[in-house]
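Here are the chains, one letter per residue:
2 protein chains.
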Amino acid sequence: MPDQPSISSRVSRLRALLRHSGVAAFLILDLKNIRYLTGFSGSDGALLVGAGKPVLLVDGRYTTQAGKQAPGTRVVLYRDKATGIADALSEGGVEHVGFEPAVLTVELHSALRRKAKKVRWKPLPAELSAIRAVKDDKEIESIRRAIRIAAGALRSTLERIRPGVCERDIAIELEYTMRRMGADAPSFDTIIASGPNSALPHARPGSRKLRPGDFVVIDYGAVWRGYHSDETCTFAVGRAGSRHEKIYGIVKEAHDRALEAVRPGVSCREVDRAARGVIEKAGYGPRFSHGTGHGVGLDVHEAPRLSALSDAVLERGMVITIEPGIYLPGFGGVRIEDTVLVEKGGARVLTEFSKELQVIG
Amino acid sequence: MPDQPSISSRVSRLRALLRHSGVAAFLILDLKNIRYLTGFSGSDGALLVGAGKPVLLVDGRYTTQAGKQAPGTRVVLYRDKATGIADALSEGGVEHVGFEPAVLTVELHSALRRKAKKVRWKPLPAELSAIRAVKDDKEIESIRRAIRIAAGALRSTLERIRPGVCERDIAIELEYTMRRMGADAPSFDTIIASGPNSALPHARPGSRKLRPGDFVVIDYGAVWRGYHSDETCTFAVGRAGSRHEKIYGIVKEAHDRALEAVRPGVSCREVDRAARGVIEKAGYGPRFSHGTGHGVGLDVHEAPRLSALSDAVLERGMVITIEPGIYLPGFGGVRIEDTVLVEKGGARVLTEFSKELQVIG
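Protein sequence lines correspond, in order, to chains A and B.
The first sequence runs 2 to 362 under the numbering used here.
The second sequence runs 2 to 362 under the numbering used here.
Chain A extracted, bound-state conformation (with noise of 0.2 Å):
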């Protein structure tokens, strides 16, 4: 749980946007929004920051609970999640809210519009969604626990990471010792995948034994109290042809490229360019479908993004993935990904595999 004088810190920001964005109020429905501005960890509820103190709109499952987690925040209890927001719209006397547009449903804003009739709203976009990606050292902290518990799973399981284990056995086998090392879960669906299973960068991990000749992708995170940890290894099954070192390779160089690069001020669109710079130069442009990296954080992915068309700018403080990779039908795949924290001087790489080409099993 975060400390209150991180939380005040944190809606005071959100209060200083208040004042640019021309509305007397914010509506935050995004539960990790509403995690990082109050503490509050449940699965539902609303929170409304405006002047005064900010009201967490929750359901009877969570009064207990909000009250607990919460402090920073009069707990409102509701039992029509549209009529309690606008129950506390009017009594606050807000005329003009704005919102998060990709999380209001169309049912909601309807039911709010006819609840709330003087209320005018105003979609807020790109700063809210921007709002988490600087980390204080708390959440530093926290980020690195999760990093802690995925590698220390990791490394309990390598052993049994051979051939003639399928991709779906080593998935349970890792998420079950992250768990049992103290993740509040896995942070996705763990991706292993071995073979030509490899060249597809969202493969399920399913009955593919694995062989020698094999690249294995492991694609893989823990939670630690909301905050994910997100690395990718992957490694070569017995044995390592050219073929092989070549690939990965490849990678590895767009992979140091873009840790080099990063660094505040820079260009997300920079560190991406880096990268692909790189492996473009090496024939494979294509078959890097995807963008460089993304913020971690309360989301496993969330702001900023590391794509060709971000227009997002480093920041101190930033914990991003830096995650290049080649995919080859038929032959197979390789990303190399690690966790990285943007400081003054530079990255400092937060995950703890190393990335040499490594031969298992």
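It is possible that part of the hints are untrue.
Identical chains blur together in the list; that is why a pair holds if it fits in one copy or across any two.
[Unchecked claim] In silico SDA-like links for lysine to any residue, alpha-carbon gap of 20 Å or less:
1) K82 <-> R115
2) K139 <-> R11
3) K69 <-> P330
4) K210 <-> M182
5) K247 <-> L329
6) K33 <-> R205
7) K69 <-> S208
What the hints contain is simulated information worked out from the structure, not anything from laboratory work.
Chain A is already provided as a structure; the job is to place chain B on it using the hints.
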């Protein structure tokens, strides 16, 4: 994966709704609805069902998978979702579209209105949410399979559920065992709530160790090929006193009366009443703080709802839970939940555990 005849009959049922609703096409965004109507199980996409062949819109990750899983559709790749949908509407000459208001976000809705200026939009609440309520034989078989896996896992975990073991460790073992036995995933975060924690209907398993004299509420389920199971067993740990027997007996009576009330043509409200009446008569009405049940299928909670406010009427082939409870702060709680199939003659219980009071550990 559903067979193609089931898929066609589902799409036909949707088309019948289309004729009644006065729109030319439905835009389906709920991923479970998309899976139901096409077989496609990816994590993003959109489906357009009008007069011609349904159009399944997916991003670059999913074109191959969509082609394999959804042969009844025309698969169209999009780079930007709103643009893809707008283009498909304009290509089909569709000018009046129904949508799911609880799923469509204000952001996507605005983008669609901008990009498809001629199109009029109509929210379609009730009909669509109920389209999956009645299950066919294959779906029922998948739910049974999920139930069998979950029950097998609980049986083999049961001997570890004893005094001194903490809730969280039981949850981890049970979820691990379900996956080892073939589950895609747990149906939801397993609830293991012991002693005073069992008085919280939505408790999260924590570090509390089981003690003799506890109730332990185990609410768990498995997913098999997308279909969920849902069952709650409440056990007495070590011993059961007269208060345990009394509370358990009332909930069991409520559960049994609700089961007897289940029959095609009966309203969900009546089933809720049957359970609630028993608990109210015993003086614990305010301690039964949730509905009596809900539909189960591709979502663990889906139509119909069984509550005091529900307008839905039971039909043959619905699969629903019956799960009354009493929660006594400080002492503990009891919830007894079966998943049942609505048949001509009444409820057929699908879940496998005996619901007589059992002392374990």
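Violating hint indices (sorted, rising):
No numbers; nothing is violated.
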